[in-house]
Each structure stands twice: as C-alpha cells, then as structure tokens.
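Novice: Produce the complete structure using the sequences and hints provided.
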Amino acid sequence: MEQTELLALTEALAQIPAPSGEEDKRAEFCRRWLAKNGVSAGIDEVGNVIVELGSKDAPAVLFLAHTDIVFDSSVPLVPRREGEKLFCPGIWDDTVHVAFLLFCARYMTKQALPDGLRFVFAADVGEEGQGNLRGCRALMERYGGSLREVIAFDSNQQTVNTGAVGSSRYRISVESKGGHSFRDFGGENAIALLASLITRLDGQPLPEQGVTTYNFGQIEGGTTVNSIAQRASLLYEYRADRMANLAFMKRNFEQAIAELRSRIDGRLTVESLGERPCTGDLDESAQEALIRRIGKAFLAAGLPEPRRTLGSTDCNLPLSMGIPAVCIGLADGGGAHSTEEYLLPDSIPAGIEAVKHLLASYL
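Numbering (my numbering), first residue to last: 1 to 363.
The set of hints was computed from the structure by calculation and includes no laboratory data. Please note: incorrect hints may appear among the correct ones.
[Claimed, not checked] Okay, derived cross-link-like pairs now, EDC-like style, lysine to aspartate or glutamate, Cα gap no bigger than 16 Å in a straight line:
id, residue 1, residue 2
1, K85, E340
2, K250, E275
3, K85, D346
4, K25, D72
[Stated by the list, open to error] Pair ranges (Cβ atoms, derived):
id, residue 1, residue 2, range
5, Q255, R171, 17 to 25 Å
6, Y362, E45, 40 to 48 Å
7, E254, Y362, 43 to 51 Å
8, P304, E259, 46 to 54 Å
9, E84, P304, 17 to 25 Å
10, Q255, G280, 33 to 41 Å
11, A286, A360, 18 to 26 Å
12, G187, R308, 48 to 56 Å
13, K36, T199, 34 to 42 Å
14, E5, D44, 40 to 48 Å
15, A244, S74, 35 to 43 Å
16, E82, K177, 53 to 61 Å
17, E259, L299, 52 to 60 Å
18, D72, A195, 49 to 57 Å
Glycine residues also receive a C-beta, built at the ideal position from the N, C-alpha and C atoms.
Specialist: Written out as structure tokens, the structure reads:
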C-alpha cells in the first residue's frame, strides 16, 4: 500500500517542471499534499517547503530532498514504464526522494516525539547545477546554529556520502575587435584566446594529497568561418575534497587569468557561477555516530550497509560548517541527468523500511 502511494506521488511530482530557479509549482504541490495529509508546512523566501516538528528552539535534525531537476521546461516530463524501470527525466534525482521526504514528515507527525529534539523536513531548491545550493544556504542561515545533524535524500541504496567534494565554477568571456579572416588576419581572435587559456589550465600541476579535478564544460562563440571571432565564452570548474586544494586551484586559476589579461587588448571578464565548500573542521566522533545510525537502519531493513563515498550535495554546506551530515539514497535508479533517467520501483519497499528504522532511532 505504501509503495503504491509513494510511487503515485513520485509520478505526480515528476510531471511538474522544476528547473533550478523555477521550483515554485512543485513546491506548492508539496505544500498542498502535506496540508491534505494533516501536516502544516510553509514556504520560505527562496522557495523551500519546510515542516517543523518537536520541541521549539531545541537542537534540530534536518532532513533534505531537493525539488529542482537539471532539465528546463522544454523537456517533456512524461513517465513511462518499461519492464522493471520507470523512465522520466529527474524521477530518480531527486523526485522520488522528495516523495520520501513528504512521507517522512507525515510519518513523524503521528509519532510521540521526544522532548529536547526538533525535526525539520525541507524540500529545498537550487541543489542542481547553477542553483549553487541556494535553498540549503537559506536553511543553514535559519537553522545552522541549532543543527545537531543533517541527512539528505539524494543517492542510491548502495552508498552513503560521508564527505564533501567542493567546487568552484566560472564563465570566462572575451570580447575583441574581430574582423575579416583574410583582410584583418592577425587580429585578436576571442576563440583563440580562450583556447590558449584552456591549454594553460590543462597543463597545470595538481596537489599531491587528496583528489583534485578540473573540467572545461562548454566553449562557444564566433559567427562565421571567415570572421575573426569577436566574442567567445568558456565554462570551467575545478573540484577537490580538501579546502587547501581548492585554495591551490583558485590561486592557479587567478594567475592564469592575470597572464591572459596582461597580453590582450580585448575585454576579459570572469563570472563566478557558484562555489561549493568541502568538509571543514568536523567532529569525527559525531559524524561516525551518524554514519553508524544510517548503517543500522539499512541493515534492519534487510539492505547491505552502504559503502562510504564522497559527493557534491546539499551536505557540502553543513559539513563545511562542522555539522555532521550524510547523503543517502532510499531508491535505486540510473541515467541521472539524462532524458533516459529511470527509477526502479521495486527498490522502494526496502527504502521505506530503512527510513522508518532511521526515524524510529530518534524516538
């Protein structure tokens, strides 16, 4: 019965467009569903749907699932069943977990909650892409000082993200004089200038400790084959699992930009598209206790204890603030961030049992 209801809720949510920055319709759907099920919820100034239960002003446990998906409103959101898979863009990341979050909020309203502890359930915005963790940032500002721990629903049943991979993302743009490819040959070419920056950054040394990566995600510009490109832009990011490594990459990036700026006549601009911090000064014993709590809940549901991984999720912010946080998955699927994304509905019952055991561990 619960599996059928949760799956129906997931399909209803999955058909509501929710690109980052445009999650309002999905947020309102969540608020109405909660109200119909006897749960009082509000929507904050950035669009997070929030349920608060338990002792007011007490230490809080925050549960999260993000409402936004990576697809814009032009992508059809039509669930279709093929064998054991339910296909729909965004249905696994993170729509099914929003459904789980709503179920958890309803479940806890029916329990005798302990004194001295508060439970906050938030369907938050802006986790994907250039959303820059906008919803979680607002939640950290609102609750950060009172949070005991944070649990995000956004993964698969086999893994638990226990550490944060930080990142910085940029758009670099060049504007030059341009001109005719033959008559004005030798003039500054915006594409060539960005290509030289890519070459410089692609040969950069990386820190020896930890894991550090970088990527050139998109380059665009120019007009015709016989025109010197007057404008071009590049999307660039770097990631690392250590704050020192992020600082290293930032220094190297700024140096490369300064070198390029010093040798061109055109205009060079750098726009920050978002920053995600990595794990900060964390109480390892409290983090380990939270990880063990998750493992026990999964084992009690007949699932293997999830293996530990690093990730880039809503948990980056609390972890950077020293707040114990993990990201878990309550359902399995595949093809995330593609139009062939799918959910495995048969994984839902075990997820329901696992999250019930998790919630019961606080009671």
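Novice: For the range 43 to 51 Å, tell me whether the beta carbons of E254 and Y362 fit it or not.
Specialist: holds (45 Å)
Novice: Given the hinted pair K25 and D72, is their alpha-carbon gap at most 16 Å?
Specialist: holds (14 Å)
Novice: Range first: 33 to 41 Å. Now tell me if the beta carbons of Q255 and G280 are that far apart.
Specialist: violated (25 Å)
Novice: In this structure, is the beta-carbon distance linking E84 and P304 contained in 17 to 25 Å?
Specialist: holds (20 Å)
Novice: Measuring from beta carbon to beta carbon, are E82 and K177 in 53 to 61 Å?
Specialist: Taking Cβ atoms as reference, E82 and K177 lie about 54 Å apart, which means the hint holds.
Novice: Using the beta carbons of Y362 and E45, state whether their distance is inside 40 to 48 Å or not.
Specialist: violated (28 Å)
Novice: K250 and E275 were given as a pair; does the straight-line alpha-carbon distance stay at or below 16 Å?
Specialist: Between K250 and E275 the Cα gap is close to 11 Å, so the pair holds against 16 Å.
Novice: If I claimed the Cβ atoms of A286 and A360 lie 18 to 26 Å apart, would that claim hold in this structure?
Specialist: holds (20 Å)
Novice: Is 34 to 42 Å respected by the C-beta to C-beta distance linking K36 and T199?
Specialist: violated (58 Å)
Novice: Would the hint linking K85 and D346 be met if the CA-CA limit is 16 Å?
Specialist: Roughly 9 Å separates the two Cα atoms, so the pair holds.
Novice: Q255 and R171, beta-carbon distance inside 17 to 25 Å?
Specialist: At roughly 19 Å between Cβ atoms, R171 and Q255 fall inside 17 to 25 Å, so the hint holds.
Novice: Confirm or reject the claim that E259 and L299 have a C-beta distance inside 52 to 60 Å.
Specialist: holds (54 Å)
Checked against the numbered hints given earlier, this structure breaks hints 6, 10, 13, 14 and 18; the rest are met.
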